[in-house]
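Visitor: Sequence:
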Amino acid sequence: MPISSDEKEFVNYVVDLMQLMGPVTARRMFGGHGLFLEGLMFALIADSTLYLKVDDLIGGDFEDRGLEPFSYEKKGKTFKMSYYQAPEEALEEGEEMHQWANLSYGAALRAASKNVDQSSSFDGVICCDERKCQLDWFGAYFSSNGCFCQNKINPPNR
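Sequential numbering of the sequence shown, starting at -7, is according to the numbering used here.
Treat the hints with care, as some may be off.
With a straight-line Cα cutoff of 20 Å, these simulated SDA-like cross-link-like pairs (lysine to any residue) come out [claimed, not checked]:
{"#": "1", "residue 1": "K72", "residue 2": "T41"}
{"#": "2", "residue 1": "K72", "residue 2": "E60"}
{"#": "3", "residue 1": "K72", "residue 2": "S40"}
{"#": "4", "residue 1": "K72", "residue 2": "L49"}
{"#": "5", "residue 1": "K0", "residue 2": "S40"}
{"#": "6", "residue 1": "K66", "residue 2": "F22"}
{"#": "7", "residue 1": "K72", "residue 2": "E88"}
{"#": "8", "residue 1": "K0", "residue 2": "L29"}
{"#": "9", "residue 1": "K69", "residue 2": "L49"}
{"#": "10", "residue 1": "K72", "residue 2": "E55"}
{"#": "11", "residue 1": "K106", "residue 2": "L32"}
{"#": "12", "residue 1": "K0", "residue 2": "R19"}
{"#": "13", "residue 1": "K72", "residue 2": "R57"}
{"#": "14", "residue 1": "K72", "residue 2": "G52"}
Keep in mind that the hints were calculated from the coordinates and are not lab data.
Based on the provided sequences and hints, a complete structural model is requested.
Guide: Structure (structure tokens):
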């Protein structure tokens, strides 16, 4: 099903607004769009509404504002996903979007790190010296050269 010009315009607007984070891209999926940064989906757009990835750490920030989760119906049942509507002010200003989208990207990173097979023989370090890794502000480990260190699966409590 082709997307409307309004939907396409909204997707382009949101992607442009998120460029402070880096090269955010949109891909068509399931009648909407997934938003990706460095191959990791952290947001989605459905029916011209932006939804940001949440987890237990940041979900309360969205719920406290009365923002709704993304949901869909299938075979008479309603399914809610771990994506919540973006705050209206995030759609109006780049810095505000940057803050909310970074929180969402952090939730996506934490979810991805939980999905790494910890029983494999792979040592988990990707392109960096683990002694230089530091916990970033959204709970993932990065080295000074910016690479993600998968050997730090379970970050310490902060």
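Visitor: Name the hints, by number, that the structure is in violation of.
Guide: 7, 9
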